[in-house]
Amino acid sequence: MKRRDVLRCLGGVAVALPLLELGVGHVRAAEGEGRVIELEARRFRYTPNEIHARAGETLTLAIRSVDFVHGFSMPELGLRSDLPPGRVTRIRVADLPAGRWTFLCDNFCGEGHEEMNGMLIVEA
Amino acid sequence: MNTMDRRRFLELCGLGGGAVFASALAGCSGMGAAKNADAADFYFVQLSDVHWGFRGPENPDPTGTLPKAIAAVNALPRQPDFIVFTGDLTHTTDDPEERRRRMAEFKDVAAALKVPTVHFMPGEHDASLDRGAAFQEYFGATHYTFDHKGIHFIVLDNVSDPGARVGSEQLEWLKADLERQDKDAPIVLFTHRPLFDLVPKWDWATRDGAQVIATLMPYRNLTVFYGHIHQEHHHLTGHIAHHSAKSLMFPLPAPGSQEKRTPLPWNPAVPYQGLGFREVDAEPRTARLAIQEFPVVAT
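Protein sequences appear in the order of chains A and B.
Going from the first sequence to my numbering is simple: count from 1 and add 763.
Going from the second sequence to my numbering is simple: count from 1 and add 48.
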């Protein structure tokens, strides 16, 4: 199912809202962000690389890249952002549709680039 | 293969798939043609995704596969007018010295081709880690044009940017080049990644590909040949046909057929299965192309 079909079915809106948070340390939730999932992007792995959520939930992915301008892309939900190292990039997605949604690094980062991916599993 | 045989290929237009896929610069209509009425029929060979330097169980003959393909091309009864390699000449490495060593080795092996005119272009494995610097040292420009017997050829770089963009500068270059062409002119565009969103979750896309395709759309006789996905695949965006080529190292699964695009395993019962190259027969006067696929065979 393509993203626009998902949105049509749900009558809702998935919102990619990349925000940058400077500095290090624990990532705190801001109002409206929903549950915050912290991720680390490092050549050539996302940690964690499997995320579980419930349909309809709102999530904010707070992604800290440590070594490269990795790309975070979840194309089936229309989400993508560059991940400048040394910062936390926040990506909010509302009204998650049920399904298995692949995410990947889409900025070619080296020998293991093609294995740098993960899965968001949204239970109905 | 003689001219009559090539015409018979063209007559197969519309079959699609299989060993022979007859496409056309004009979507198989055959309408529209080169203004150059004297343009003679010819053919070229597309080789792709050699990944020189790869080591893994997916291909136990990593240094022998390309030479086998070259021997097959050299043995064709009539030699093609030119050969094009559509990227990923080498397998990526984080070591810049090793990258250059692989490029030098690849170039030495490719020099065994009897055809004197060989066009190279980069894939992301060659160019994305250094924005094409090593590629340019060994093979020259990453985007360029040439003309041959009434057909205008464009080589477009969608890999030197690690984010898989053609980029605004190259897009302007493309627009300027196309503005010099007649809207009915036969045009062939070579690139590495698919310009359309084939499987974005497998990185089978070009980030600004939609802008490129919008730029190409006014041209009624334009066909795209690309690599990257390690298999034969045919797709239409409007009237523009996009044809991907097989690899010469390892095949990849059918688009979107599984969660991850892991290479297909080597099949000892059928060595080199899924690997190959193609020849493309061009008839500039009618703006038609025909594709014939060749496998790599054990010798």
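In short, the hints are calculated from the structure, not lab data.
These figures come from a predicted structure and were not determined experimentally.
There could be a bad hint or two in this list.
[What the hints assert, rightly or not] Covered stretches of chain A (chain B as the covering partner; in silico rule of three or more C-beta atoms under 8 Å from a C-beta of chain B):
(1) 796-805
(2) 814-822
[As the list claims (entries may be wrong)] If you want a taste of the chain A side facing chain B, the calculated C-beta under 8 Å gives, among others:
(3) E839
(4) P848
(5) N870
(6) F871
(7) G873
[What the hints assert, rightly or not] Beyond 10 Å from chain A on every Cβ pair, some chain B residues (computed):
(8) E172
(9) W250
(10) A253
(11) Q279
(12) G322
Even for Gly, the Cβ is constructed at its ideal location relative to N, Cα and C.
Results for each hint:
1. 796-805: Three-residue rule not met by the stretch 796-805 of chain A, so violated; n is 0.
2. 814-822: Our answer is that it is violated, as 0 residues pass the Cβ test (under 8 Å) against chain B, missing three.
3. E839: Since chain B brings a Cβ to about 6 Å from E839(A), closer than 8 Å, the hint holds.
4. P848: This interface hint is violated because 14 Å lies over the 8 Å limit.
5. N870: holds, 5 Å
6. F871: holds, 4 Å
7. G873: holds, 5 Å
8. E172: It is violated; E172(B) is separated from chain A by about 5 Å at its closest Cβ, not greater than 10 Å.
9. W250: Violated: least Cβ distance 8 Å, not greater than 10 Å.
10. A253: violated, 8 Å
11. Q279: At about 16 Å from chain A, Q279(B) clears the 10 Å cut-off, so the statement holds.
12. G322: Per Cβ check, G322(B) is outside 10 Å of chain A; nearest 18 Å; holds.
In terms of the numbered hints stated before, the structure departs from hints 1, 2, 4, 8, 9 and 10, listed from lowest to highest.
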